[in-house]
Every structure is written in structure tokens, then in C-alpha cells.
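Chemist: Make the full structure from the sequences, and use the hints.
Protein chains: 2
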Amino acid sequence: MSDAPVQTHALDYRAILQNTTSRTDAFLRDFIASRDGVPALLRESIEYSLFGPGKRVRPALAILSAQAVGGTPEAALPAAAALELIHCFSLVHDDLPSMDNDDLRRGRPTNHKVYGDAVAILAGDAMNTLAFELLAESLSDPALAVKLSLELARATGPAGMIGGQILDTCYPQLKHVDSQAADLASLQRIHRLKTGALIRAACRMGGISAQADAWHLQILDELGQAVGLVFQIVDDLLDVTSSDAHLGKKTGKDADIGKLTYPVLLGVEQTNAELNRQQKLAEQALARLGPAAEPLSLVVHALARRDK
Amino acid sequence: MSDAPVQTHALDYRAILQNTTSRTDAFLRDFIASRDGVPALLRESIEYSLFGPGKRVRPALAILSAQAVGGTPEAALPAAAALELIHCFSLVHDDLPSMDNDDLRRGRPTNHKVYGDAVAILAGDAMNTLAFELLAESLSDPALAVKLSLELARATGPAGMIGGQILDTCYPQLKHVDSQAADLASLQRIHRLKTGALIRAACRMGGISAQADAWHLQILDELGQAVGLVFQIVDDLLDVTSSDAHLGKKTGKDADIGKLTYPVLLGVEQTNAELNRQQKLAEQALARLGPAAEPLSLVVHALARRDK
Numbered sequence: 078m079s080d081a082p083v084q085t086h087a088l089d090y091r092a093i094l095q096n097t098t099s100r101t102d103a104f105l106r107d108f109i110a111s112r113d114g115v116p117a118l119l120r121e122s123i124e125y126s127l128f129g130p131g132k133r134v135r136p137a138l139a140i141l142s143a144q145a146v147g148g149t150p151e152a153a154l155p156a157a158a159a160l161e162l163i164h165c166f167s168l169v170h171d172d173l174p175s176m177d178n179d180d181l182r183r184g185r186p187t188n189h190k191v192y193g194d195a196v197a198i199l200a201g202d203a204m205n206t207l208a209f210e211l212l213a214e215s216l217s218d219p220a221l222a223v224k225l226s227l228e229l230a231r232a233t234g235p236a237g238m239i240g241g242q243i244l245d246t247c248y249p250q251l252k253h254v255d256s257q258a259a260d261l262a263s264l265q266r267i268h269r270l271k272t273g274a275l276i277r278a279a280c281r282m283g284g285i286s287a288q289a290d291a292w293h294l295q296i297l298d299e300l301g302q303a304v305g306l307v308f309q310i311v312d313d314l315l316d317v318t319s320s321d322a323h324l325g326k327k328t329g330k331d332a333d334i335g336k337l338t339y340p341v342l343l344g345v346e347q348t349n350a351e352l353n354r355q356q357k358l359a360e361q362a363l364a365r366l367g368p369a370a371e372p373l374s375l376v377v378h379a380l381a382r383r384d385k
Numbered sequence: 078m079s080d081a082p083v084q085t086h087a088l089d090y091r092a093i094l095q096n097t098t099s100r101t102d103a104f105l106r107d108f109i110a111s112r113d114g115v116p117a118l119l120r121e122s123i124e125y126s127l128f129g130p131g132k133r134v135r136p137a138l139a140i141l142s143a144q145a146v147g148g149t150p151e152a153a154l155p156a157a158a159a160l161e162l163i164h165c166f167s168l169v170h171d172d173l174p175s176m177d178n179d180d181l182r183r184g185r186p187t188n189h190k191v192y193g194d195a196v197a198i199l200a201g202d203a204m205n206t207l208a209f210e211l212l213a214e215s216l217s218d219p220a221l222a223v224k225l226s227l228e229l230a231r232a233t234g235p236a237g238m239i240g241g242q243i244l245d246t247c248y249p250q251l252k253h254v255d256s257q258a259a260d261l262a263s264l265q266r267i268h269r270l271k272t273g274a275l276i277r278a279a280c281r282m283g284g285i286s287a288q289a290d291a292w293h294l295q296i297l298d299e300l301g302q303a304v305g306l307v308f309q310i311v312d313d314l315l316d317v318t319s320s321d322a323h324l325g326k327k328t329g330k331d332a333d334i335g336k337l338t339y340p341v342l343l344g345v346e347q348t349n350a351e352l353n354r355q356q357k358l359a360e361q362a363l364a365r366l367g368p369a370a371e372p373l374s375l376v377v378h379a380l381a382r383r384d385k
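So the sequence lines, in the order shown, correspond to chains D and V. Last residue of the first sequence: number 385 in this note's numbering, and the count goes up by one each step with no gaps. Last residue of the second sequence: number 385 in this note's numbering, and the count goes up by one each step with no gaps.
Everything labelled a hint here was simulated from the structure, so no lab data went into it. There could be a bad hint or two in this list.
Note that the list lumps identical chains together, so a pair holds whenever it fits in one copy or between two copies.
[As the list claims (entries may be wrong)] List of simulated lysine to any residue pairs, SDA-like, C-alpha gap at most 25 Å: (1) 224 with 107; (2) 190 with 343; (3) 357 with 104; (4) 224 with 115; (5) 224 with 114; (6) 190 with 109; (7) 190 with 175; (8) 224 with 130; (9) 357 with 261; (10) 190 with 120; (11) 190 with 178; (12) 132 with 104.
All values reported here derive from a predicted model rather than from experimental measurement.
Modeler: Here it is as C-alpha cells:
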């Protein structure tokens, strides 16, 4: 980590995130507004979750990864917007009563609390599909559209985010068959899939959007893997150490429901050690990318601190 | 309708459907088997719904539409397989307790009755995403992959099948605001979206896979619209006139829950008149396609009779 004052960093990364967020939101609003024939209730439910408060982490990673390898922010906007559609779809479904059963998300009632389970399921389904519609219609180069679509589908699907969610949701029921060693392997697999796959895809899709060569794409891949783990470990730690009001969602419930997390399994101290290890790996990747990765570096550091 | 004996038609269309089904299933089995890293429970749930008994109507329409405009069956297999993934995803989600709440589908317990709601939701999500993964990786021509992906996403998404499902699911609650005239418009909109969009896309995607020109694509479009309505009207009629055992699912429940259907709104006689009108439109489109559309024509006729 840099020795520069936190305040300077805090200002910088805030301006950067504000910029990537407003570009992504403008792109998403244009895209959603231009869909004809969407039933009003479905549109409202989609917009409730898509344009609610959110940090837009994945779009920022995609846009700044593109910049880090010499691309423009504009080139990465379709990837950024598609990633956010997938992320929002996953939040809406993960919050459902049969999954994590959350009433609160980003300080507001969850989608199914407002619109009911049926509409929430369908709004999530719609955002899943819309991500691929967006990629298919927003890129002038078909070969690039196919590459991005394949990358996003694999990161989202049964061997990616959705696969991670099933392991996470079903873990409490499956727990009795696992030993402690299997627990750590399970935990790592869940994290790699559930949060990691889409974060990694964000970095890779930014690079692909900027037509990065294989060498740069490999660095972005390694960065994405480390950042994904950092992000999830910080999230696990916050569930143990924060209050509901600070996070805008219910805390302390992971342990309550027997969910597998780093602090539950390793304790807070060892969890912090793993966090530092992953942060160093991210640091090394960022250093290899050079000066064009400075904005990306600031945002990655802020994510690791989970600053407000 | 042709004057040829039903028996001859029945034999022909069965052989044709058996052929398109076995090609599609082989393609889908290869595709699913080659996905690495899918959690076992999720794979089992996906395969339960994807490879259960099913008529494979959409794959047949795609493959035979390709043939009708001079293409090979092989060219249409990615489209056929992707369409079936989307169709199966929609069945799994539509059957959920918060939607149609069906316990029985194609004579077997529905996915959520076997695996629980969480797994069923995630299996549906996975099949939705897998359809786009399949299109992105199965076609050597990126421009064709993008066209098919766009066509499928639009037919599936909030202005297509998913939009139709929300109207259908929420209709009983919204009913009081609609007059009789609005009812018919609502019914037509629901049918056009919920079943029609994907049937129409099947015919169009077959044509696109075969690199059909605009004139042929327009005919396939008109055929698809008529077939979609025929299919839905026959389904509505069967709910009124059939038994549970014959259909392999619960019947007579549409009227029970105040669902909007043609027989509920127009009565059986007028519903049959509308069915005949749509069948004639399909007939006209098939005639314009010429002799290469003969297998497609046999299957369309069989669908209209809903033969076993």
C-alpha cells in the first residue's frame, strides 16, 4: 500500500468512482429507456433495483481496466453496463425468501419486499437476459461482442456466480458431510465463484473491450482474482464487525445461519492475514500495469478499505 | 388444411420430430457435459428439467425453418439448443410457488418439488445464461452469433417471454382495472409475448442460421406469429377439455384462478374460430415457402392438432 495520506486517496478515488458511475448510469438509462413494450410493473421493478443506490464496483473495474491497458472509458461502457445488469439480477434473486431471505438491501426494502416474489424473480430474469441483449446490440465489432458475451456468460453461469450461489445457499444443509479441511476448500470455491467470477470478469472484460494483448489480459486476470477475494473477505469481516445502519443491510446473520465465511472458519486474525496476502497480489499486478493503472489502483485500494 | 389422411401425416411428423429432437438432445448433452466446474446439485437440477420428457417444439421449428429456406439442420442446431434452454428455464421459473405454483410438469414433479425453490430458481437462471454462452461459443461466424443472440435475448426478455409471464401472473390482481375490451387486448398481448415471442424467434432464428434473405425471413416471421397463437389457443382449449392424465399436468386451473384465456373470454366456439383463422395464416406462409417447407408444414399441422 502507498504511504500517501488517506485523505488524498479518498478524494481521488471518489472523483474517479463518481465519473465511472455517472457514465455507466447514463448508458444504462439510455438502454433501459429505449426498450419498447416492457410491461410497466416489470420496468418499475427493474429500475428500482438497477438505479437504486449502489457503488457500481464492477463497472468501475471494467472501465478502469480498459484505461489501464490504453483503452478509452467509452470502449468499456457496454461491458460495464452488462456487468451491472448481471450483478443487480443476482442481488434480486439472492435476496429472495428461499435464498438469503433479506428484507433490506443498500438501506432500502429488497425488490421482493416491494413487488412480491413473482415480480422480483422475473425482474432478475429480465436483467440476466438484458445483459446479453445489451452486448449484442451495443458493439460495432461482432467478434468483440461475442468475446464479451462469452466471458460474461461463463462468469455468470453454473460454473461461475450462479454456481457459487448454489454452494453458498446450500452449504448449511451440506455442512455435516464436510471436514474442517473440506470447509476451507469449500469456502475458497464459494468465494472464487460467487463474488470472484464476476469481479475477475470485470477486469478481463475491460481489457477485452480495449483490445488488450494476451500479456496484459493475463495481468488483469490475476488482478481480478485477487480483488475478488479481497472484496469478499472484507465483506465477511464487515458482517462480523459492523452495525446494520452502517452497511444498510442486516449484519451478523452469516454466523447465525451457519454460513461459511472466513471469520467463522479462520477467526478474525487469520482472516486479516489472508486479506493482506491477496492485497499484495493485487499490488503486484497493478505495478506491472504501470502508470495508466493509477486510477484503477486508487479504486482497488479504496475497495480494500471499503471506504464510504 | 390438407385432405391427406391423418394417419399418414401422423407417421411423417413423428419421424421428423424424432429426428430434430435427437439431434438437438445430442447437441445439448455435449454442451452440458463439457461445462467444467458446475456444482453437482445444480447440474442434476438442470439436467432433470432439460432432459426430461418434452416435445422439443422450438428446436423442431428452428431446424425445419432453416431447411425450409435451403439450410442444413446442422446450421440451426445452436439456435435450436439455445431456444430449448430458454424454454426450460421459463418452465422451471413459471412452475414456482410464487408464480403458477405447479407440482406436475410433463407427468413428473416440477423442479422445485424435487430440488426446492432455491435450487430451481438457480437452475432456471443458469439455463437462461447458458443459452447465450452456447450461442457465443458454438458459431464460427461472429456476426451470425451476434444476430442470433440479439434475436433470442429480445424474444426472451422484458419485452418478450418474461414480459408476457409478468402480465399473465399478475393478471388476476390487475383484472379489476380492465374492461371487457381491454381484456381481449390484454389476452392478445399476453399470448403474443408469453408463448408467441419464443415460437416466432424459433422460426426466425432457423432462417437466420440458414442465412435467409429478408423476403424469406419475413415469411418465417409471419409463420412464427401464427404458429405461436395456434399453439397457445390449443393449450387454452386443452385446459378446458382435457384430463390431468392426458396432459401430464393439472388442468382446469386457469379458470379457477381467474387467469385470462381465450375460452374464458370468448367461449369455446369463438376460440375455435380464432384458431382456424390463425391456422389459415400459417397455411398461407407455408405455401409461399414452397416444397422445402414440407417437413415444417407437417409439424405445424401436428402442433395444431396437438397429437400425441
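Chemist: Out of the numbered hints, which ones does the structure contradict?
Modeler: 2, 3, 8
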